[in-house]
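Peer 1: In case you want the letters, here they are:
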Amino acid sequence: MTSRLSVRDLSLHFGGIQVLDSVGLAVEPDTIVGLVGPNGAGKTSLFNCISGHYRPTSGSILVDGVPTLHRPPHRMAELGLSRTFQHPALQLDASVLDNVLIGAHTRLRGGALSWALRLPFTISGERRARQRAGELLDHLGLAGVADRPAGSLAHGLHKRVELARALLSEPRLLLLDEPAGGLPHAEVEQLIETIRAIRTEFGLTIVIVEHHMGLISALTDRVVVLVQGRKLLEGTALEAQRHPLVVEAYLGRTAA
Amino acid sequence: MSELAGPERSSRTGAADGRGSGNILELEDVRASYGRAEVLHGVSLQVSNGGVTAVLGANGAGKTTTLRAISGMVTAKGRIDLDGQDVLGSRPDQVARMGVAHVPQGRGTLDQLSVRENLLVGAYQRRDRKAVEAQIAECFELFPALARRQTSTAGNLSGGEQQMLAVCRALMSRPRLLLLDEPSLGLAPRTAEEVFEAIGRLQKETGLSMLVVEQTAALALALADTAVVLEIGRTVLTGPAEEMAGRDEVRRAYLGD
Amino acid sequence: MTTTGTPSPGATRVGPARRPASAPLRVLTVVALVAGVIAIALIPLSATPYTNYQLSVVAAFAVAILGLNIVSGYAGQISLGQSAFMGLGAYAAAFGVTHGWPVVASFLLAALLPAVVGLVVAIPAVRLRGNALATVTIILPILAVPLAKRFSDITGGSEGLNVDWMHAPAGVGLDDDQWRYYVVVAIAAVLFLLGRNIVVGRIGRAFAVVRTNEAVASAMGISAHRYKVLAFTIASFYGGAAGFLYVAVVQFASPDLPNFLVAINMLAALVIGGFASLWGSVVAGFFYVYVPVFAGAVDPSRTNIFYGAALLLVLFIVPGGVSGGVSRLVRLLVGRLFGRRPPARDDDALTDPQPITSTQQDTAVPDASPDGLRSSVGPRKEVP
Amino acid sequence: MQHAIQQIVDGLAAGSIYGALALALVLVYRATGMINFAQGLMAVASTYIALTLWQAGSPIGAAVAVAIAVSLVLGAVTERLVIRRFEGASPHTAVVVTVALLILINGIVGAIWGYNSQPFPSLFPTGTVTVGGVVLAIPSLATIGVLIAVVVLLQLLFLKTKLGLALRAVANNPESSALSGLNVGRLLMVGWALAAGLGALAGALIAPKVYLDPGMMDTILIYALAAAVLGGLDSPMGAVVAAWIIGVSENLAGTYIGFIGNDLKIGVPLVAMFVILLTRPQGLFGRKEAVRV
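Chains A, B, C and D are the protein sequences, given in the same order. With the working numbering, the residue at position 163 of the first sequence is 163, and numbering never jumps. With the working numbering, the residue at position 117 of the second sequence is 117, and numbering never jumps. With the working numbering, the residue at position 334 of the third sequence is 334, and numbering never jumps. With the working numbering, the residue at position 232 of the fourth sequence is 232, and numbering never jumps.
These are computed hints drawn from the structure, not numbers from a lab. One should not assume that every hint holds.
[To be verified] Label pairs and their in silico Cβ distance ranges:
#1 B:A145 x D:G164: 21 to 31 angstroms
#2 B:G84 x C:L333: 22 to 32 angstroms
#3 C:V27 x A:R107: 52 to 62 angstroms
#4 B:R79 x C:V27: 10 to 20 angstroms
#5 A:R130 x B:N156: 48 to 58 angstroms
#6 D:T161 x C:R196: 55 to 65 angstroms
#7 A:L69 x B:N156: 22 to 32 angstroms
#8 B:G84 x A:S58: 28 to 38 angstroms
[To be verified] Dumping the calculated EDC-like pairs for lysine to aspartate or glutamate here, alpha-carbon to alpha-carbon at most 20 angstroms:
#9 D:K162 x B:E197
#10 B:K204 x B:E138
#11 D:K160 x B:E249
Treat the numbers as computed from the prediction; the structure is a model and nothing was measured. Every residue, glycine too, gets a C-beta built ideally from N, C-alpha and C.
When you get a sec, could you build the whole thing from the sequences and use the hints?
Peer 2: This is the structure:
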C-alpha cells in the first residue's frame with residue numbers, strides 16, 4: 001500500500017538559512033500524525049512545502065504516490081489535499097456560510113458563463129454544496145451562526161469555520177496547522193472530540209502541527225519531532241514527551 | 001564594556017546589588033487586542049531596577065504581545081509604568097526615547113542597511129558623536145564578526161550575527177530597559193547559548209534591566225532573577241527564577257500535561 | 001435581487017459589510033424592486049427627451065462601472081483603464097453600424113473585442129501585486145487616445161464617428177429617445193442580472209477569496225492568477241458592452257470617451273457608490289452623469305473638485321460608499337421599526353486603516369509565527 | 001549620424017524629466033508603499049505657482065525656486081492631513097486615495113488657473129552648442145545636467161546625512177525604526193515633501209516644451225510610472241536609468257519608425273513595460289519581493 005503522504009529527504013533554504021534539512025516522513029492512510037517541535041523548527045514550512053505554497057530546495061513529496069513538487073498550490077486540492085492555516089484566514093465580513101462554501105470550489109463545475117446564465121447544473125450544484133455546508137456547520141456546532149459575519153465570531157470559532165471550509169472540499173488528506181492555537185483548555189477538549197469524529201466519518205488521514213501536547217497525545221498515532229529543521233525523533237506522543245532530547249530542545253540542556 | 005550601556009547606567013542603578021531598589025517596569029492587569037480580538041486578558045509583571053525578568057509560556061500565550069504593548073505597538077489597557085511614569089498610549093518612538101530599547105522577534109534588523117548604519121540608527125537620538133563612535137568600536141571589539149562585516153548589508157549576516165547586531169543596536173540608544181523577544185529564535189543551540197552568554201556578561205557588567213521573552217526556558221531562567229509564566233494571555237505564575245525550573249506550570253507550558 | 005448569499009465585499013476597507021437580510025428587509029427589498037421596475041418602465045413616457053437621454057447614459061455608465069466593480073470591487077484588482085474598453089466598444093459599435101452590420105453583430109463585436117484585448121492585457125498585468133496593476137491599466141486610456149487618432153480611417157480621428165441608428169420602429173408609437181431608453185435599459189438590466197449571477201456563486205466566491213487571501217484561495221484549489229484574468233476579462237466585456245450602449249444613446253464615438261480622466265472618475269464614482277455592491281454601480285452611474293450636470297450649473301471646473309472631495313470624504317467617513325451607507329441606514333431603520341436590534345458589531349473594522357485579513361491576522365498571534373522571520377525572505381513559488 | 005546623436009541627446013533630456021518625476025514616485029513608494037498617482041498633478045500645481053510668480057514679475061529661476069519650496073510644504077501637508085490616515089491601508093485604498101487627490105487637485109488647479117494652455121518660459125537660454133560637429137540644444141543639455149545634479153544631491157542626502165540614514169531606515173523597516181526612537185510619521189512627511197519638490201522641478205522642466213495646462217503631466221506621469229516600474233519601484237538609480245532608456249528609445253522609435261511617429265511613441269514604454277513584467281516582475285533593478293503564506 002502506498003503511503004497517503006510521503007516526504008523524502010526534503011530540504012528548504014531561504015536565502016542562506018536552512019529551514020528544513022533532509023526531512024523524511026511517511027503518513028499511512030487513516031492515521032493521524034503529529035508534527036511537534038519548538039518555535040522555528042520548520043513545522044509550518046514543511047506544511048507549506050506539502051501544500052505547494054513553498055517550493056523546496058531538494059527532495060520529493062508524494063501524495064498517494066503522485067509526485068507533487070512541480071504542482072502549483074491550487075492544483076493540490078484535486079489530489080485530495082486540504083489544509084487549515086496557523087492564523088485562521090477568513091473573510092471577516094462574509095457570512096460563515098459563504099466562507100465555508102469556498103471549500104466547495106473544486107466540487108462545483110462550470111465557468112463564468114455557465115454561472116452567469118445559471119445553467120441548471122450550477123443551480124443543483126450550488127444547492128448540494130449549500131446542503132453539504134449546512135450539514136458540516138451542524139456537525140461542527142456552527143449551525144446557529146451560519147449567517148453571521150465571520151468577523152463577529154470568537155477566535156475559537158474561526159478555527160472551526162476553517163475546518164468546515166477544508167472539509168467541504170472532501171479531502172482525503174488534511175493538514176491542520178495549530179488547530180488548538182490560542183484556545184482555552186475547555187475548547188481544546190471539544191476540538192479533540194470534533195477531530196476524532198470527523199476523522200472517522202470522513203475517513204481522513206490527518207497531519208497536525210500543534211504545541212498543545214494534550215491534543216497531540218489524545219489524537220495522534222505517531223508524532224514526528226522537528227528541531228532546527230531536522231527530524232529529531234519519530235514515535236508515540238508519550239515517547240516523544242519523555243525523550244531527553246525533546247525535553248532538552250524545549251526546556252534547554254540544564255532541565256534535561 | 002561598561003561604555004556599552006552608557007555612563008548613566010551606573011548612577012541610575014547603583015551596582016549589581018541595586019536589584020530590589022524598586023521596579024523600573026510595572027505592568028498591572030494589562031489587556032491588549034488586535035482589532036476585535038483581545039489577546040492579553042490580564043498580564044501583570046515587574047522588572048526590578050537592574051534586574052532581569054523572563055517571560056515564559058507556550059506559543060500563543062501572549063509573550064510577544066506583552067512586549068509590543070509596552071512599546072506602544074498595540075492598543076492596551078491597564079497600567080504600564082516605566083520608572084513610575086505612565087507609558088500607556090505612547091507611540092513606539094516615544095517609548096524608545098523614554099529609554100526602552102526593544103529587540104523584536106526576528107530581530108528587526110534593517111536588512112538593506114550596513115552593519116555600521118544599523119548601529120548609527122540605534123544611536124539616532126544621541127548628539128555625542130565621539131561617544132557613539134567609541135561605543136561602535138567597543139561593539140566591534142566585542143563581536144569581531146560584526147567588525148569584519150561592518151560595511152556589508154545586515155541582511156547578509158548569519159542569524160547569530162544578526163542577533164548580536166540587534167542587541168548592539170538596541171544598546172546604542174543607552175536604554176534604561178532592554179526588551180528582548182526570543183533572542184534564540186532560529187539559532188542553532190550552540191549559537192543560542194553563545195548569544196545568551198554574551199547577554200549575560202553584558203547584564204552583569206552594566207546592571208541593565210531586562211525583560212526577556214524566551215522559549216527555551218533554561219536559557220532564560222539562567223539569565224533572569226524573576227520569571228513570569230503566561231497562559232493564554234494571562235499571568236499564571238510569578239516567582240524567583242531559580243525556583244521556576246522544576247515547576248509544573250513551566251513544564252506544562254511547554255510540554256503539556 | 002436580494003442580497004442573501006452575496007459573497008461579501010471588502011475586507012479591504014473600501015467595501016460595505018453585507019449581512020444576510022432579515023425577513024422584513026427581504027419584503028422591503030421585493031417591494032422596492034417592484035416599485036422600481038414600474039417606475040423605470042413609466043418614467044420615459046412622461047419625462048422630457050433630454051431626461052430620457054440622460055437616464056440612458058446613466059444606464060450605459062452603470063454597466064461600465066459594474067464591469068469595473070467586478071474586477072476592482074469583487075476581485076480586488078484596481079483598474080484605472082476601464083474607459084479604454086468602453087471607448088473601444090463604442091468604436092466597434094460605430095464601426096458595425098456604419099458598415100451596415102446587424103445590431104446583434106455590432107453588439108457582439110463591441111463587447112467581445114474589448115474582452116479579447118482585456119484578456120491579452122490581463123495575462124501579464126495581473127502578475128503584478130498590489131497597486132502595480134493600476135500602473136499598467138492607467139496606460140490604456142492614455143494610449144487609446146493617440147491610437148484612436150492614428151487610425152482615423154476607422155475612428156474618424158479627432159472628429160469621431162457619427163452614427164445614425166437605433167430609431168424607434170414605426171408602429172410602436174415611441175419617440176427615438178423613449179425607444180433608445182427602453183433598449184439601453186433592458187440590455188443594462190440583463191447585464192446586471194448576469195453580473196449578479198457571477199458575483200454570488202462559485203465564481204464570485206472565488207473572486208472574493210482571491211481578493212482577501214491568495215494563500216487560502218490556492219489551498220481551496222483556486223488559481224488566483226486565472227480568476228484575476230477572468231475578472232479583468234469580464235470587466236472589459238462589460239466596458240465594451242457599455243460602449244455599445246453609449247453609442248446607441250449618444251450616436252457618436254470619439255476620443256473623448258477612452259480618456260484618462262473618464263477612467264479615473266469612473267473609479268471615483270464606483271468608490272463613492274460602493275465597492276462590491278451591485279446597487280453601488282447603479283448609484284455610481286447616476287453620480288457619474290449627474291455630478292457634472294449639477295456642478296456645471298455652478299461652474300464646469302468644479303466637477304473635479306466635487307468628485308475629489310466626495311471621494312476623500314467617502315474614504316474618511318463612509319468606507320462602504322453611498323450604497324453601503326444607505327444599506328446600513330436601512331437596516332438600522334428596519335431594525336428599529338420591526339423591533340430588531342441592529343447588528344451588535346458595526347463596521348468599525350472597516351474604518352480601521354488596517355486591511356483586516358492580511359495585516360491583522362498576520363500579526364494576530366505573533367508568538368505563534370515560527371516562520372515569520374523566514375518567510376519574509378522566502379522564495380515564492382511561481383504560479384504559471 | 002549627427003541627427004541620431006541629436007535625437008539621443010533630446011531623448012536623454014526628455015528621459016531626465018521623466019526621471020525627475022519617477023524619482024518622486026520611487027521616494028513615495030519606498031517610504032509609504034504607495035504609488036502616488038497624484039504626483040503629476042501636484043507637479044502641475046507647483047508649475048502654476050511658478051507661472052503666477054513669473055507673471056507677477058519675478059525672474060523665472062526665482063519663481064521656480066519658490067514654487068519648489070512651496071511644494072515641499074504642500075507635500076508634507078498632504079502626507080500629514082490625508083495620507084497619514086491611510087498608513088498601512090490595503091493597496092486598494094492607497095490607489096483610491098491618491099486618485100482622489102489627483103481629481104481634487106485637477107479641479108482646484110482648473111478652478112484657479114483655468115483649463116486653457118499657457119506658455120511657460122524656459123529656465124535655460126535657447127540656442128545651441130556645437131560639440132564635435134554635432135549641434136545640440138542648450139535646454140536639452142541643461143535638463144540632463146539638472147537631473148544628474150539632483151541624483152548626486154539625493155545620493156549625498158541619503159548616504160552622507162543623518163536625515164538620509166533615517167529616511168532609509170524607515171523605508172527599510174518602519175516598525176523597527178520606530179523602536180529605535182525614529183519619528184516615523186515625521187520622516188514620511190519629509191519623504192512626501194522631497195517627492196513633491198522633485199515633481200515641481202519636473203513640471204518646470206517640461207512646461208516650456210508642451211505649454212502648461214492641468215493635463216500637462218498626464219502623459220509624463222505614464223512615462224514616469226513606466227520608468228519606476230521598469231527600474232523596480234524601490235530603486236532610485238534604476239528609475240533614472242530606466243527613464244533615460246525610455247526617453248531615448250521612444251525618441252528614436254518615434255523618429256525612425258514611420259508607423260510610430262510622434263503621436264504613438266508613448267506606446268514604447270508601454271510595450272517595454274509589458275515585456276519586462278512578463279520576464280522580470282520585480283523590474284530591471286528591483287529586489288524580488290518575498291511572499292509570506
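Peer 1: Could you run down the list of hints and mark each one as holding or not?
Peer 2: Verification of the supplied hints:
no. : hint                                : in the structure
1   : B:A145 x D:G164: 21 to 31 angstroms : 27 angstroms, holds
2   : B:G84 x C:L333: 22 to 32 angstroms  : 52 angstroms, violated
3   : C:V27 x A:R107: 52 to 62 angstroms  : 34 angstroms, violated
4   : B:R79 x C:V27: 10 to 20 angstroms   : 52 angstroms, violated
5   : A:R130 x B:N156: 48 to 58 angstroms : 53 angstroms, holds
6   : D:T161 x C:R196: 55 to 65 angstroms : 57 angstroms, holds
7   : A:L69 x B:N156: 22 to 32 angstroms  : 29 angstroms, holds
8   : B:G84 x A:S58: 28 to 38 angstroms   : 57 angstroms, violated
9   : D:K162 x B:E197                     : 33 angstroms, violated
10  : B:K204 x B:E138                     : 17 angstroms, holds
11  : D:K160 x B:E249                     : 53 angstroms, violated
Taken one by one, the earlier hints fail for this structure at numbers 2, 3, 4, 8, 9 and 11, listed in ascending order.
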